[in-house]
Amino acid sequence: MSIKFKDVHKSFGSKKVLKGITMQVQKGEILFVIGTSGVGKSVTIKHIIGLLKPTSGSIEVDGEKVENLKEKQFIPIRKKVAMVFQGSSLFDSLSVLANVALPLEKHKIVPANKVHAKAMDLLTEVGMKKYASVFPAEIGDGMKKRVAIARALAMQPDYILFDEPTTGLDPVSARRVDKLILRLAKDRGTGTIVVSHDLPSIFGISDKIAMVYQGKIYFEGSREEYKRSEDPIIQQFIKGTSSGPMETPGF
Amino acid sequence: MIKQISTNIFATIGDKTINIFVAAKTLFLVTLNTFRGVFHFKSREKGEILKQAYEIGNRSFLFVSVTLSALGMVLVFQVCLQINKITGDQSQVGPEFIKGMIHAFVPILTAMMLATRVGAGIAAEIGSMKVTEQIDALRMSGVDPIDYLIVPRFIASIFMTFILGIYAALLVILAGAFMAHHSFGVNYNVFFVFDKVTWGDLIIGSTKLLVHGSAIPVVSGYCGLTTKVGSEGVGTATTRAVINSSLAVIILDFIISAIGLMTIQ
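Chains as they are written, first to last, in numbering that gives the first Met the number 0: chain A, 0 to 250; chain B, 0 to 264.
Don't read these hints as lab results, they were simulated from the structure. Treat the numbers as computed from the prediction; the structure is a model and nothing was measured. Among the hints, erroneous ones may be present.
Stated by the list, open to error - Far from chain B, some chain A residues (derived; all Cβ distances over 10 Å):
| # | residue |
| --- | --- |
| 1 | 19 |
| 2 | 23 |
| 3 | 54 |
| 4 | 59 |
| 5 | 81 |
| 6 | 116 |
| 7 | 196 |
| 8 | 216 |
| 9 | 230 |
| 10 | 232 |
| 11 | 239 |
| 12 | 241 |
| 13 | 243 |
Claimed, not checked - Chain B side only, calculated, beta carbon under 7 Å to chain A, not exhaustive:
| # | residue |
| --- | --- |
| 14 | 91 |
| 15 | 131 |
| 16 | 139 |
Stated by the list, open to error - Quick partial rundown of chain A residues pointing at chain B, CB under 7 Å, derived from the structure:
| # | residue |
| --- | --- |
| 17 | 50 |
| 18 | 76 |
| 19 | 77 |
| 20 | 84 |
| 21 | 86 |
| 22 | 88 |
| 23 | 90 |
| 24 | 101 |
| 25 | 102 |
| 26 | 105 |
| 27 | 106 |
Glycine residues also receive a C-beta, built at the ideal position from the N, C-alpha and C atoms.
Here chain B stands alone, though its shape is the one from the complex (with noise of 0.2 Å):
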């Protein structure tokens, strides 16, 4: 009885780890093909990239504009209240808030919400293609899934993040100064003081904004071409496509900040 008990434990835990060794395998291939695809122009259809960017970037303006300029608003309403309480000087709020905003909140922030939208739109229709076996009918017609369906997303998402960063971080910078002057009366000359920027965080915010964008795509295509059997697979691809890319930037944003603040700063 405990023989047969240890040894199922064993069969679970062993299972587990090559599913895992499997899972990342299969992730690294689709990263470097893709990589490599970006180089395949023959194989990419006409217009797709731009047909990308727009469902990427036009069909996000709305719900970036909306959550980051609210966020930009809240962010100073609330820094702005409790300085008063302490000092009441405000001087310091805008730079400080445009520094903190290029640097680390607008490149992932922008990514995350990318990567609901974004990503769960991938693994749905790539997840929804193979489960009809479109993906099949692909590879029997002489096409690379990857890079028929993959590389176009990502080249679109990488130029479309950095546009969309770049304009939400104008947007939470105006709505943040929006907010400092019609709340607390900060005159916009001491809002907008960009003395604080450094090259470095400029690097770093650009840097994070292409590697994001890069990110989203590739994980959620992975979870779109792994999916299991039926409706419910797509169902699961889909949640496995925003939770595995909002972790995936979770953790590059940590590991470029981390080398940022080694090596620019």
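In isolation and in its complexed conformation, chain A is listed as follows (with noise of 0.2 Å):
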């Protein structure tokens, strides 16, 4: 029961993004992907889910190719794979509890007369149910991450993408969504990918590491192994500092 991505390439027009992404994660593990912006992490998960079609190479969920599937046959894939969007994308014109209850209806995950009652028990577990009738509009980023985390949890999902989860938020916020994070991928074993390159969270919560640099995996492996490498590449993430070997793009 894993995620794999084999050789993954891709282009947007002579851009070549990927180069060649491999990696995996099992069920039960939290990947993190991580990486300087704009070299494509993003870009890497979106093909889990069909957002994105690779020009080449192939991705596995569960040992089922997804890389050739049309747009209907991802919906089994979808209630498999959720995702947590970098900007929450919270329908506005929504409210929080109707924004957790649209998958749980369009989905036919529970009988339409319970879909109100579970949307609530999901925000309950992010701790959202007080604000279940207001609109995104009137909440914070903080709170929009978590009404999304409980929309992505109303599919049932094997595994959950999070995209750069933390960005944007306070210390305080941030590290309250990490736990949520870890206490989600514990207590369900759901399979986490996390696209980040915030370093208190890849060094709080992760299980493993996969660095992009240059369109490729550049490092696999755990947490421990990721902070003791003396790679001067490595070492210039983790300091972030701006002199040294690493090329970013736009810079």
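Using the supplied hints, reconstruct the complex from the two chains, each of which is provided in its own coordinate frame.
And the structure:
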């Protein structure tokens, strides 16, 4: 039971973003896909759920190849693999409760008469029950993130993808989101891929780290191995220094 | 050097051609899926069509009223003014004006106004959802963005364009009659003569309203769904929606008029 990338390439026009990504995450494991901004981390995970199609290479979800699936064939994959988007991407026109209820209703996860109760349970799980009737514009970024997590959980997924879940949050909210991700992964046994460049998150909750650099996986291993690495590029990323061998897009 | 320049020219032409074909294919698919989506009753949110009908119809009411009544008065004033210089016989102004409005002017003008107001709104809303990844979130939630976003607007737009078109026709005729009576002394009984309006005029006028009403949300929705990143992308999509919807209305109007002339009239 795993998600596997095998030599995945992706180009946008003449711009080659991914140049051979190979990595995997097991169920119950938290994999952090890290790297500098613009390196292709979000692009990588969007291939799993068909939001992007690879130029070449293959992606397997529990042994099923997904790179050539059509939009409708992705529906069962999207029930199995949920995603929490970078900006939370809550639907502005729907209340917090309706946001969580929508996938429950559309994916027919629970009977129609139990959608409301199930959505409330999920909001309770992320500590957002009392905000059920408000609209996304009325709550803060950290709260939006928690609602987005509840919406992702609505699908009862085997895997959850988090696209920079702590970016833009204050340190306290960020650590609370980390704690929530860790609890969900361990309690529910979901496979988790977190795209991030937030070092406290990376070193706080990851089981495994895959570092994307120049379109490829530059490093894959445990956080202890990552910390111990003497590779100058890895050290520069950890220390966050501007001078060093690491090339960053746009600089 | 020459080889390099010619290669670049061919690459640019090829690139543009591919882009045009991709855009045409995408627009075709959006249109096809919108028509299919009309029959996906279960995927529609309750009350969404009414909400969109309110957005499209009620909020365009004043805009259409002011513009078309002003246009009706100006047109009749100018026609009467010119006729006064030649024969002075104003008896045919009303019947010809009514026929022309029903057959040609009201459908295209109403649709063009809706293309600017409604088309821009649809593209801006869907475009914003695209750049904030809400469209992707919809797909992740098992919702087809075309069924959810474009189809309710499509149904509401057809209905409301038709209703607004009828209202606009009545208003423009009344405004024209008012101007003819008060500025040139044309009797209302002489102006309100509907003998020249044939069933063909009514069928062509109605067909135009229905077709234009269906084209605006499809073209604008397509522009919204193909928005490029950032707020600049939303701005560009909105502009594209207004231009392309207006262009679609003009082309469709021409086609319906031509078919109408060849068959009905």
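Hints versus structure:
no.	hint	result
1	19	holds, 25 Å
2	23	holds, 22 Å
3	54	holds, 16 Å
4	59	holds, 19 Å
5	81	violated, 7 Å
6	116	holds, 18 Å
7	196	holds, 19 Å
8	216	holds, 24 Å
9	230	holds, 33 Å
10	232	holds, 28 Å
11	239	holds, 26 Å
12	241	holds, 26 Å
13	243	holds, 29 Å
14	91	violated, 52 Å
15	131	holds, 6 Å
16	139	holds, 5 Å
17	50	holds, 5 Å
18	76	violated, 10 Å
19	77	holds, 5 Å
20	84	holds, 5 Å
21	86	holds, 6 Å
22	88	holds, 4 Å
23	90	holds, 6 Å
24	101	holds, 5 Å
25	102	holds, 4 Å
26	105	holds, 4 Å
27	106	holds, 4 Å
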